[in-house]
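Residue numbers (the working numbering), protein chains in the order written: chain L, 21 to 791; chain D, 21 to 791.
Incorrect hints may have been included.
As the list makes no split between identical chains, a pair holds if one copy fits it or if it spans any two.
Stated by the list, open to error - Below are the DSBU-like pairs computed for lysine-lysine, each with C-alpha atoms no more than 35 angstroms apart in a straight line:
(1) Lys427 - Lys323
(2) Lys693 - Lys337
(3) Lys725 - Lys455
(4) Lys337 - Lys199
Keep in mind that the hints were calculated from the coordinates and are not lab data.
Because the structure is a prediction, the values reported are computed rather than measured.
Protein chains: 2
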Amino acid sequence: MATLQDIGVSAGINILSAFIFFIIFAILRLQPFNDRVYFSKWYLKGLRSSPARGGAFVQRFVNLDFRSYMKFLNWMPEALKMPEPELINHAGLDSVVYLRIYWLGLKIFTPIAVLAWAVLVPVNWTNNTLELARQLRNVTSSDIDKLSVSNIPEYSMRFWSHIVMAYAFTIWTCYVLLKEYETIADMRLQYVASEARRPDQFTVLVRNVPPDADESVSELVEHFFLVNHPDHYLTNQVVCNANKLADLVQKKKKLQNWLDYYQLKYARNNSQRIMVKLGFLGLWGQRVDAIEHYTAEIDKVSKEIAIEREEVVNDPKSIMPASFVSFKTRWAAAVCAQTQQTRNPTQWLTEWAPEPRDVYWPNLAIPYVSLTVRRLIMHVAFFFLTFFFIIPIAFVQSLATIEGIVKAAPFLKVIVENDFMKSLIQGFLPGIALKLFLIFLPSILMIMSKFEGFTSISSLERRSAFRYYIFNFVNVFLASVVTGAAFEQLSAFLNQSPNQIPKTIGVAIPMKATFFITYIMVDGWAGVAGEILMLKPLIMFHLKNAFLVKTEKDREEAMDPGSIGFNTGEPRIQLYFLLGLVYAPVTPMLLPFILVFFALAYIVYRHQIINVYNQEYESAAAFWPDVHGRVITALIISQLLLMGLLGTKHAALAAPFLIALPVLTIGFHRFCKGRYEPAFIRYPLQEAMMKDTLESAREPNLNLKGYLQSAYVHPVFRGDEDDDDIDDKLGKFEDEAIIVPTKRQSRRNTPAPSRISGESSPSLPFSGKEV
Amino acid sequence: MATLQDIGVSAGINILSAFIFFIIFAILRLQPFNDRVYFSKWYLKGLRSSPARGGAFVQRFVNLDFRSYMKFLNWMPEALKMPEPELINHAGLDSVVYLRIYWLGLKIFTPIAVLAWAVLVPVNWTNNTLELARQLRNVTSSDIDKLSVSNIPEYSMRFWSHIVMAYAFTIWTCYVLLKEYETIADMRLQYVASEARRPDQFTVLVRNVPPDADESVSELVEHFFLVNHPDHYLTNQVVCNANKLADLVQKKKKLQNWLDYYQLKYARNNSQRIMVKLGFLGLWGQRVDAIEHYTAEIDKVSKEIAIEREEVVNDPKSIMPASFVSFKTRWAAAVCAQTQQTRNPTQWLTEWAPEPRDVYWPNLAIPYVSLTVRRLIMHVAFFFLTFFFIIPIAFVQSLATIEGIVKAAPFLKVIVENDFMKSLIQGFLPGIALKLFLIFLPSILMIMSKFEGFTSISSLERRSAFRYYIFNFVNVFLASVVTGAAFEQLSAFLNQSPNQIPKTIGVAIPMKATFFITYIMVDGWAGVAGEILMLKPLIMFHLKNAFLVKTEKDREEAMDPGSIGFNTGEPRIQLYFLLGLVYAPVTPMLLPFILVFFALAYIVYRHQIINVYNQEYESAAAFWPDVHGRVITALIISQLLLMGLLGTKHAALAAPFLIALPVLTIGFHRFCKGRYEPAFIRYPLQEAMMKDTLESAREPNLNLKGYLQSAYVHPVFRGDEDDDDIDDKLGKFEDEAIIVPTKRQSRRNTPAPSRISGESSPSLPFSGKEV
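Modelling step: build the complete structure from the supplied sequences, incorporating the hints.
Structure, rendered in structure tokens:
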């Protein structure tokens, strides 16, 4: 049992390590040669260029101005300075709303912490149950337990204060959630209705276009919408199955990297030809001249690309039964996206088109029946993943013992039987199997979501986040509280009565407080502080810089700013909401630690969003209903567990008061869902109409067709050096191919504008702005 | 334990009673004076008038043609004769689809019964487990049990046949359900898109119009839709709060009935003045002259009505913030109904307008927040009703003992202590309390649905049906299988582990087979046969005929044909689906009894729908998703119970195969929901557009505004003698009051056309057709 001293020591260590991270960060970020890693967002926006070209050679790499090191925590107030509207412009609404999740945590838990410390801590402290237990039955307990509900004797009337507090916490949480939902719904509508014209405002994604013997997909779509939306249809863009082409382009890029690497190497020690082996990892196989080999390979792939391109553009089979249909007005697009088109609701499915950069192209062609089957399979697979993942891992761990290794590879026997190696393997290997799995888990979940057939990256991430949350809940929260692997818990819960389950967990809750406090400090404090170092991108950048970078353009590509990572970040925050709400009425001791986490994370992520992360897409905060729903879930779980805990304390009189809480909370959730969720799914006609009217008054002669014509072109066809002919050929599918010059200029030095600015403008009219 | 002989006797009795009902029915229906009871539908359609006016006096009341009695089961083939399309015209789509529920039962259970008897009965019969148990442990068992799964020893491999059959049953049921869903979705779309013009095709119900200081509701609605649906808006009709007025009109009608009664009585023995007492039930109070009294009362109420009418029409406060908005095309109405109008999704809520006669007027003005709260309250209330209804009833029953009565009313002591009275009270009273509750239950559920705020009668009935089904499941099915009151079961289930519950129920299932066979025969066979007698309407009609009827119009009103009663009928059928599916793999013996029920009920209800029931509204089979969902629920329950049962038989190997079944069934359900449910909620734009184009080609000069102007007038304002001035006054709220003459002619002799024909045409253009 950890005492207050233990916690203090642990806190000291974690604060210290966080501090060390900040100091290292402060030093690293001031070095000009790290500039592109720690200010990548600004480079991507084109607002910052490689520093101090004119200065001394050394100053180009190392910052020698010692005064700047003094103010090493300077970035913190700076990160807080940028006002919200500017931040929306700078980094998009998604990022801003993501930050508001941390802010929400602060808003919820600050008053709760104050109240809990003012009321519950004295109530808990002034008992001597644990003291008596220690004296009479020699039961040990820590100081932290004295602050928790465990210190109150059974049948005590003091439990009423916990119940009243549970009500207060619930009401406060719901109130904050309600206000926040309202604010964010407003922000979203404001953002969607903002002045900027965006192709997705006018466009609807049509899927499952039925096959037709006489007409091409494009013609069929055009005819259908000319008939059924006669006054509003503008144009459509078919979707090509360019997955193979995209793979080839990717392959070519990799080969080009290797070629660059060997050319650079050759240039440095120019006498020697460089030979490589073609086998596995360059360890064996035929030796060939590296530069010649890669040049030949690139030629081969380039030819393949050309053929594949030809095929994609000309072969009707590569046209997928899906299309992006654009309308003359936002109103008409809103109407089409919200209505059903035909009798058969599995054909002509319409939905809001995601932003062009948010589209997940490979999934656009999946037919309806397949979607249902895929979804079912993934539900079942996820169930097994959550509850039984430990079994294959245990199997791998059993192999990863000394005996296993010796059995599998006898020739390693000599190495393995060395004493040092032995302890190393026994100490590390089993842990590594689990750690590797946990590292790959988000990718596994992402692959599962992709298999399920979502059509936008944002929805893929939302689904992955949902699954990651459940996985965390079962395998981190429950597994820590009720010790045991998930499948053991599953069988335990199946064999327990439903009203016994909250008791089992509830009783264990106060005992695990110290564990979770440590967890928060390690994962929340030090982990968040570590995030700011950007270790992986830093190393990768310098490696690439050393071996691949020839031009400024290459250097641009070597940056890997990353993005928020909603699919892993949000479930992690939710774990803190869960811990906070569960422990608030039980062990208020835990709350300050959570507050520190939220505050620290808020500052760190605000800094990262301003300076580093590059937004991959903009979903206009479409994830908020999920965030809201999960906080409500945490609230209900906390209420049930409190009920279970008090049940074992024989505070039976209180039960009816506690049962009312989850019922009311569910009622509140349903209200919020009905009241605010539509703002995240539908686009109100009034807004669309207002915007249309305004626009037609301001720009009566707007060439909307030109603007929308090629907004939804598959990414392999855009921003590529040799896509002139492709454009011409794609033009065949469009009735009036208006050729748009911007698409042809290389965008490598400032990446595709649609990847940066919220208002993506894929074609001419606004290209001037971006430069 | 019932033996096969017992079942045989019981079957004989029930078949006999069904037969007797049919004979009585055959006699009664041939008597001309019952004609209006047994052929009311034809009277309402105006296709039949009072019989044989010219004939002999006796022949007007009694059928003396004895040959007609010979063919007393004639109505059965006749009921089956009318083809489905004609039946849709005659009675509406709702009735036809309702009949298809019985038909669905036959389609599902006929092959299942054949298969079960061919495979499972031999498999079960050729064991001797029960025989051995009888010999060794003196456990008694009936012949029926020998046919059931109980007769198979533990660990037997024979259970595989049950598992294979469970798969076969599931696949077959799903296949039939899928085909049926497809057919009915088609029928619905066909019906909605049928030639006839209906006001609800063009109209959208707008609720929660926000208050505005400067404009009236009607102006506000007009402005809003002129702005946001500029090319499509046609007209709107505000909703008046005429609930009080409707009550007064109802009261006047009742008084008028009494006046008629006394006038008739006075006319028969013309000398004597009739005196009545004004107190409770006419038992005490002041004695007054009846005719004078009622005439005065009617005058008073008439004045009140006039004042109230004035108020409703002139007072802006009586205008509710809701309106029926009509559009120029079906397309525009479909668009408006399916889209969100404003940022705030609790204002300007749009939904398809129900048919005019389907509108539930009192609920149109409930604001959004109130709806959420009401729904929550009703969920909680229903939970208590289902699980704890027995407690107040037990309390009443405890009062209804001899001691209770004596205590409460000592003066009854003399009567009560009579031996005969004593046994009578003890035998009957407790049962009556429960019976009364069960009789009133559908009304209670209906009141709950009304409180929840649904806006159409059809949705009220659907919600009531859902709740009645759950009530039946808990209090009839579960309470019969696991004997005990619902709340005892609830506490038992809360204290049992989740995988124990299916076992507890599953084990009890085979033992209750004989009980349910008897239940099916009494409730299903004799009950359905009794339905055809129409006892209550028959008695009421003759009573009214004797005491109230003065004119032909009064006689028309004395008919009470009733309607299908979806809210009670459908849950009852579902109980048979549940029993059939649960017992199919366990005790196939039960299946033939269910088949007889479905066949008999199909014929009887087809006859009733053709000849008697008067359709109250037409929802175009909107209830089918509910029916489908409940059959799927029954299927899943049956699979879980089979799993539980086999679990106790130690057929553990089989478990994984059985777990897959509910998972697959849920997958199937999700597929059906996605694929077919939209057809029951949305109106596809393609259909609407086709219909619009056709109509504009056929009738280019149609005065649609005139047609729609007063389609949605509150029923108290229509079909009333003195509504000329009301029309004029209502006209004030409409910008161009086109006064529609048909509304003024009394419709009492053929009731309001909208109550009969599927295509309601409330105003002029088609009134010619109806006569």
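Cross-check of the supplied hints:
1. Lys427 - Lys323: neither (48 angstroms within a copy, 103 angstroms between copies)
2. Lys693 - Lys337: between (42 angstroms within a copy, 31 angstroms between copies)
3. Lys725 - Lys455: For Lys725 and Lys455, neither the intra-copy (52 angstroms) nor the inter-copy (71 angstroms) Cα distance is at most 35 angstroms.
4. Lys337 - Lys199: For Lys337 and Lys199, the Cα distance is within 35 angstroms only across copies (32 angstroms; inside one copy 51 angstroms).
When held up to the earlier numbered hints, the structure conflicts with 1 and 3 and fits the remainder.
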